[in-house]
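> Keeping the supplied structure of chain A fixed, place chain B upon it in accordance with the hints.
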Amino acid sequence: MSADPQIELVAADGRSVAEARPAVPLDVRGLTVSYGEKPAVFSVDASFPAGSMTAIVGPNGAGKSTFLKGVLGIVPRLAGEVRFFGRPFSQARADVAYVPQRASVDWDFPARVIDVVVMGLYREIGLFRFAGRRQRNRAMQCLERVGMQDFADRQIGQLSGGQQQRVFLARALAQDAELYLLDEPFAGVDAATEHAIVSVLKQLKAEGKTVVCVHHDLSTVAAYFDRVVLINMRKQAEGPIATAFTPETLQATYGGRLAESQIDELRLSSA
Amino acid sequence: MTTLELFFHALTLQAGFNSALVAVGAGLLGIAAGGAGAFVFLRKRALVSDAITHATLPGVAIAFIVMVLVGGDGRWLPGLIVGSALSAALGLLLVEWMTARTRLGEDAAIGAVLSVFFGLGIVLLTVIQTMSQGRQAGLDGFLLGSTAGMLVGEAVLIAVGGGLAVALVVLLRRPMTMVAFDPEHAATLGIDVRRTDLAMMGLALIVTVIGLKIVGLILIVALLIIPPVTARFWTDRVDRLILISAGAGGLAGYTGAAFSAAARDVPTGPVIVLFAFALFALSLALSPLRGVLASALRHRRFQHRVHLRQGLLALARGEAIYDRLTLRILRRRGLIRRDGVATHEGSGAAGRARLDETRWATARRLRADDPVLERYDGLTPIDEVLTADQVAHLDSLLPKPEST
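Those sequence lines, one after another, are chains A and B. All residue numbers for the first sequence refer to the numbering used here, where the first residue is 1 and numbers rise by one. All residue numbers for the second sequence refer to the numbering used here, where the first residue is 1001 and numbers rise by one.
Just chain A, with the same shape it has in the complex (with noise of 0.2 Å):
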C-alpha cells in the first residue's frame, strides 16, 4: 500500500508506479462526511482489492451507507480521498456500478420494469440516440441472470420488495461495471431473492469483479463474503472474515449493544 495516494511515486521510466501495477478497485483514505456538524464517517481509510466480496458492516445509524454515497460523491465530503482503480471517480465511471436502497425512489414512477434496467445503459446509448433492439437484449439478459426475465413488461409499481431490489441489481448488471457498489440489497426481501443476489454476486466475483456490499445482517456476514469493513462512524477492524471478524472486532463495533449469546452464536456459525 503506497503512504499517500497524493504523493506520486515515479519509476525510472518516467511512468508513475501506480500505473505500472494494477490499481486497487477502490480504495479510500481518510474519507469524513459530515451532516451539519456532526460527522456521520470520520476518517474512514479502506482498501477492497480486486475479486473481493466485501461487507460493511456495523449498527443502525452507524455511517454505512453514508459511507458508500461519500465514496461516491453523491453526498459531499468534508476531507479525504477516494481513487477508483488508481483514479478519481469522474474518470471511472463506466468501471463502477451502483445500487441505491430500494427505499430511495418511489416505485409508482411510470416506468415498466425494461425501462429501469434500460436507464443502466445510459452512458451507452448516450444522450440524443433510442434504445434500439440491441439495447433491449442486453437488458432483457441482464433480467434473466436476476429471475426478473418474465416481468420485463410490467409496470414497477407492481412489484414485490424483492422484484424490485433485483431489477436494481439487473440495472447494475447492465452497466457492466469491474466494481458493484451495493447498499442493502438484502433489507426486507424474500429467501427467493436472497439466493437469487446471492448467487449473481458470487457469479460476478468468480468473474473477477469486485462486490462491495453494506449489509445488516451478521448472520450471513461469513457465508456471503469474504471480506468485511466494520464501521461504527471510525472504521473499527478490516479483512477477511477470519481475522476481522471475531467476537473482539464485533464487541469494539457494536459496544454492549450485541449479547455476548448473539456473538457466541456467530463464532460457531462462521467457524
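One or more hints might be untrue.
Unchecked claim - Here are the computed distance ranges between Cβ atoms for each label pair: (1) A:Tyr35 / B:Leu1093: 22 to 30 Å; (2) B:Val1160 / A:Asp153: 37 to 45 Å; (3) B:Thr1102 / A:Asp190: 41 to 49 Å.
Calculated from the structure, these hints are not laboratory results. All C-beta atoms, glycine included, are put in the ideal place defined by N, C-alpha and C.
What follows is chain B alone, placed relative to chain A:
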C-alpha cells in the same frame, strides 16, 4: 349568434383573425406546457414552479417602468418577457439558495419567495397606475391572461418560445427522466443532477413567460401540472406520458382559447384551466388503467374471484359457509342449492380447487426458490403457470389423497 355557435366558429378558426391567432397560440403554449410539465410533475416540483410563476410579476412591472423611462412603449411584449424571466430566475435561485444554505425547508422557502415577489409586483403595478402612461397599460391582464388585441408578433413569439421548449424536452428527456426516477443513481452515471434540475426549471420558466399573455401568471402553473396528471391516468410509460401530456395541454389551450373568444368578457386563463380540468376529470373517471370506475370494477371482480375460491375450498373441506356474498356467488353459478348443499357441478369444482391448492403447496415446497412459483396468489390455477408436463410430473409426487 349564441355563445355556442360562436364557440364552434372559433374552434374551426372562422371567428375572425384575432380569435384564430389566439387559439393557435394557446394550443402551442399548451403543448409546450404539457411537455415541460411532465418532468416538473415526475420530479415532484409543482410547488417550485408555482413560486417562479408568481415571481415573474415584479419583473413585468419593472420592465414596463424601464421601457417607459427610456421613452419606449411600455407594453412591448419581448421587453416584458425578458423582465419577467429575469425576476422569475432570481426567485428560483433564491428558493434554491434558501433550501441549500439555511435550515429552512423547501416549502418555507417557496412560501416566502412566492408571496414577497407577488406582493412587490402588486405594489409596482399600483405605482404604474399613477404614472401618466400607466392608465391604459392593461398590465393586470398578465395576472389572468387577456387576448383582446393580440398582435401577430406576439403570437410568433409564443410559437418560437413553445418550439424551443419542445426541442429542449426532446433533447433532455432521458437525463431528466433518470434524475426524476433516481437522482443518486443518475449522479453516479455522470449526469449533473443540479444542472438537469435547473434545465427543467428553465423549461418551466420559458413556458411561464410565453404564457403570460394568454393564461396569465397566476394560473400558468395549472397548465404545467394538470396535463401530466391527466396523462398519468392513461399510461405507465414516461415517453407516452410526455406525448399524452403535451396533447392534453394543447387541446385544453386550443379549445379554452376558442371558448374564451366566443364568450367575450371571460378571461382566457381561467377558461383554459377549466378545460384542462375537464380532461383531468374525464380521465379520473374513465381511464381503463387507473380510473375510478375501472378500479372499482376491477376490485369487484377480484372480490368475486376470492369469494368463489374461498367458497369452493370450504365446500371441499365440508365446512359451513356463512358469508352472504360467498353464498350468493356460489348459488348464482349453480354450485350450491338453496339449502347450501353442493350441486354436482359444485362438488366437481370444489374438488378441482382443492387439487390445485395441493399442487401449488407441493410445488412450492419442492422448489422454494423458483421465481415462476412466485406467481402464487391463491387464485391463479397452477396449470396457467406450469406446462402440462410439469403438472403431470407434479401429480406423480402428490401425497396420496385420503380415500373417502
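> Hint by hint, note whether the structure agrees.
Status of the hints after comparison with the structure:
{"no.": "1", "hint": "A:Tyr35 / B:Leu1093: 22 to 30 Å", "result": "holds, 24 Å"}
{"no.": "2", "hint": "B:Val1160 / A:Asp153: 37 to 45 Å", "result": "holds, 39 Å"}
{"no.": "3", "hint": "B:Thr1102 / A:Asp190: 41 to 49 Å", "result": "holds, 43 Å"}
The structure fails none of the hints (numbered hints given earlier).
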